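Protein chains in written order, with my numbering: chain U, 27 to 384; chain P, 27 to 384.
In short, the hints are calculated from the structure, not lab data. If you're wondering where the values come from, they're calculated on a predicted model, not measured in any experiment. Take these hints with a grain of salt, some might be off.
The list treats identical chains as one, so a pair stands whether inside a single copy or across any two.
Said to hold, decoys possible - DSSO-like, lysine-lysine: derived pairs with alpha carbons at most 27 Å apart:
{"hint": "1", "residue 1": "K240", "residue 2": "K121"}
{"hint": "2", "residue 1": "K64", "residue 2": "K333"}
{"hint": "3", "residue 1": "K240", "residue 2": "K135"}
{"hint": "4", "residue 1": "K260", "residue 2": "K357"}
{"hint": "5", "residue 1": "K261", "residue 2": "K120"}
{"hint": "6", "residue 1": "K341", "residue 2": "K317"}
{"hint": "7", "residue 1": "K121", "residue 2": "K261"}
{"hint": "8", "residue 1": "K135", "residue 2": "K180"}
{"hint": "9", "residue 1": "K121", "residue 2": "K178"}
{"hint": "10", "residue 1": "K64", "residue 2": "K121"}
{"hint": "11", "residue 1": "K260", "residue 2": "K120"}
{"hint": "12", "residue 1": "K333", "residue 2": "K293"}
{"hint": "13", "residue 1": "K260", "residue 2": "K121"}
{"hint": "14", "residue 1": "K343", "residue 2": "K64"}
{"hint": "15", "residue 1": "K121", "residue 2": "K180"}
{"hint": "16", "residue 1": "K333", "residue 2": "K343"}
{"hint": "17", "residue 1": "K138", "residue 2": "K28"}
{"hint": "18", "residue 1": "K240", "residue 2": "K333"}
{"hint": "19", "residue 1": "K357", "residue 2": "K120"}
{"hint": "20", "residue 1": "K28", "residue 2": "K64"}
{"hint": "21", "residue 1": "K180", "residue 2": "K333"}
Number of protein chains: 2
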Amino acid sequence: MKQTYFTAGPAELYPTIYQHLQTAMDEQIGSISHRSAKFRSLYQFCVEQLRELLNIPETHGVYFTGSASEVWERILLNCVEFESFHLINGSFSKKFCEYATALQKYTHKQEKPFGEGFDYGEVQVPEYAELIAVTHNETSSGVQMRTVDIHKLKRSNAKKLMAVDMVSSAPYPDLDFSLVDTAFFSVQKAFGMPAGLGVWIAGDKCLEKAELLKHGDQHIGAHHTLPTLHQNFKKYETPATPNVLFIYLLGKIAQDFNRIGIETIRKETDEKAKLLYKFIESHPQFSPFVKEDRHRSRTVVVANTQKPSSEVIAKAKESGLVVGSGYGQYKDGQIRIANFPATNAEQISQLIEVLGRV
Amino acid sequence: MKQTYFTAGPAELYPTIYQHLQTAMDEQIGSISHRSAKFRSLYQFCVEQLRELLNIPETHGVYFTGSASEVWERILLNCVEFESFHLINGSFSKKFCEYATALQKYTHKQEKPFGEGFDYGEVQVPEYAELIAVTHNETSSGVQMRTVDIHKLKRSNAKKLMAVDMVSSAPYPDLDFSLVDTAFFSVQKAFGMPAGLGVWIAGDKCLEKAELLKHGDQHIGAHHTLPTLHQNFKKYETPATPNVLFIYLLGKIAQDFNRIGIETIRKETDEKAKLLYKFIESHPQFSPFVKEDRHRSRTVVVANTQKPSSEVIAKAKESGLVVGSGYGQYKDGQIRIANFPATNAEQISQLIEVLGRV
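Looking at chain U on its own, in the form it has when it is part of the complex (with noise of 0.2 Å):
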């Protein structure tokens, strides 16, 4: 029986990834050469596909990675000389976080408990930090940051670099790219993509660094080094062999996003939230894992169960309906309920009845 899979991501695929996946085996382009003009006018149709979605100036490049991690180290390498400053809401900025420590930085951190988010007023930004991380979207608590206070946190904070992770929410987030200088994610999320492909959108001021720490005491690395990527980016080319199929595949996407309207999609996924949330706010055997209306996320819902995790996710699957574990500590008493543009209202009012039914 084909499931539906409610899963943070790897997730259900977009319906039309079928019809652009046989397009693309037609046409051939798994053997196209990454230095043909096929190719570069296929990341160029993906690319503007990207920034009219997403809303991305010229100031800002973007360059394709094989994840959304190797992003945060490529970020921290090219964008960090000695200090970063990370707000911690949920395991993947920790791990960003990790990674910094792990590159030998003096990392610097605000941690919340798990299930809480953070409001602008209450951030305290170190003085030397060179670079602010946050994560738009925590996929590990359902806890999201509103854009209002990640464009508040770099108003107050101009001359340092402003980093958001938006893997489990893009494109979802209205981020101002006048104001956050570099944002990443991964296409087997809200994009509905198998996984395999990372997007790193980096600005001018990133770039700036980087070119200023190539000539420095450490290095920045040698694969996907900023610089690199964006000299072979002003051609549309790319430094290495990249991922041509999903870098096709995700200009469809990001296409026929925009034809339904990025206004339309992040309606609907306000209003798809809007239903996972009333049910789990009413129904005795479910309860909302983040308290505060503001902090929680419209794309991975995160619920209390009551019965084991187990159980509800067995007999959701019983139904065809695939949804996730709670996170590492939590995996048995929460489940995971993706909300991305790959299920319609329809689907997640299927799942609402069946889990109304546990």
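Chain P: place on chain U using the hints.
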């Protein structure tokens, strides 16, 4: 018109890939969690098939990255504290060395003119080099280094780590992994897959070195460090979300290769290479770029062209056959013909016939 790609990678897709991709989509492989039993089982399957195909012993792990270029960096970060030694016989071995310089290693190199290869007897290994980097097959120049020479080199330098770039030849070279400490390839060459997955084979000694360096003054990177990859590999998992779909496909292609048998694949490769070299040696419009037979690549054949290569390439394209141009400065006066399992003897004969009429 459907074309046949004789390019050195991205290359012609292996004929069974379409069916495997269809099965993968039917089984929703693009949506499964990389922390699920299903993923662990397909990672294990892929490793088992590769162990059989390439004769990889249990002392060596099999890890996945975004590309083979990424593996260059990971080897240097994890296995070299101060000094590496590079045998340079083309543009890719040169890039490996440049990665080492970028990572602030002290790099030793021995270099050959473009189109010439190395024999064991002439190699002078510097005393303090911790790692010897050789390129089994140079995609740029069509030069190979015989595995017997690679093995001798390790035998007389037993304490140094031996790293073999087999990007554009695997599974052809019969490497002895009791001697080779680490080797790597990417899937868009002889495995006939779309680009987007690097495969890193690394043994105990590499891991020991990485564990040692981890506690030293320099960092070994944060993403895809060997200790983290290995820790996850022990349960057939990966540190971050990998390209699940391509790992699935690689396992299936490796299984197809095993059904044919590696000896048959090597024999067919030799026979097709013989056809190609015989043709370019005897036809007045072509001549082999690599003079010494023992240095001639069996998987990427480079021919000098009398006419501008663009004319030759255009002529072949009229018949739906795509061959590559020369690399870099050799672009206009050479063609490169991949001889991978995806194109059979009949297709090679057809190519020869078409090129014969140029």
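Right, here's what the structure says about each hint:
1. K240 x K121: both (25 Å within a copy, 17 Å between copies)
2. K64 x K333: between (54 Å within a copy, 25 Å between copies)
3. K240 x K135: Classified as both: same-chain Cα gap 26 Å, cross-chain 23 Å, threshold 27 Å.
4. K260 x K357: between (45 Å within a copy, 22 Å between copies)
5. K261 x K120: between (36 Å within a copy, 23 Å between copies)
6. K341 x K317: within (26 Å within a copy, 68 Å between copies)
7. K121 x K261: between (33 Å within a copy, 20 Å between copies)
8. K135 x K180: within (16 Å within a copy, 47 Å between copies)
9. K121 x K178: Classified as within; 24 Å inside a copy, 43 Å across copies.
10. K64 x K121: Result: close only across copies, 25 Å inter versus 37 Å intra.
11. K260 x K120: Classified as between: cross-chain Cα gap 24 Å, same-chain 33 Å, threshold 27 Å.
12. K333 x K293: This pair counts as neither: shortest intra-copy Cα distance 32 Å, inter-copy 60 Å.
13. K260 x K121: The answer is between: 21 Å across copies meets 27 Å, while 31 Å in one copy does not.
14. K343 x K64: The answer is between: 15 Å across copies meets 27 Å, while 43 Å in one copy does not.
15. K121 x K180: Answer is within: at 22 Å inside a copy they meet the 27 Å cutoff, but 38 Å across does not.
16. K333 x K343: within (16 Å within a copy, 64 Å between copies)
17. K138 x K28: Intra 39 Å, inter 56 Å, cutoff 27 Å: neither.
18. K240 x K333: Neither way: K240 and K333 sit 54 Å apart in one copy and 43 Å across, limit 27 Å.
19. K357 x K120: Answer is within; shortest intra-copy Cα gap is 18 Å, inter-copy 48 Å.
20. K28 x K64: Only across copies: K28 and K64 sit 15 Å apart there, 35 Å inside one copy, limit 27 Å.
21. K180 x K333: Cα proximity of K180 and K333: none, with 42 Å in one copy and 59 Å across.
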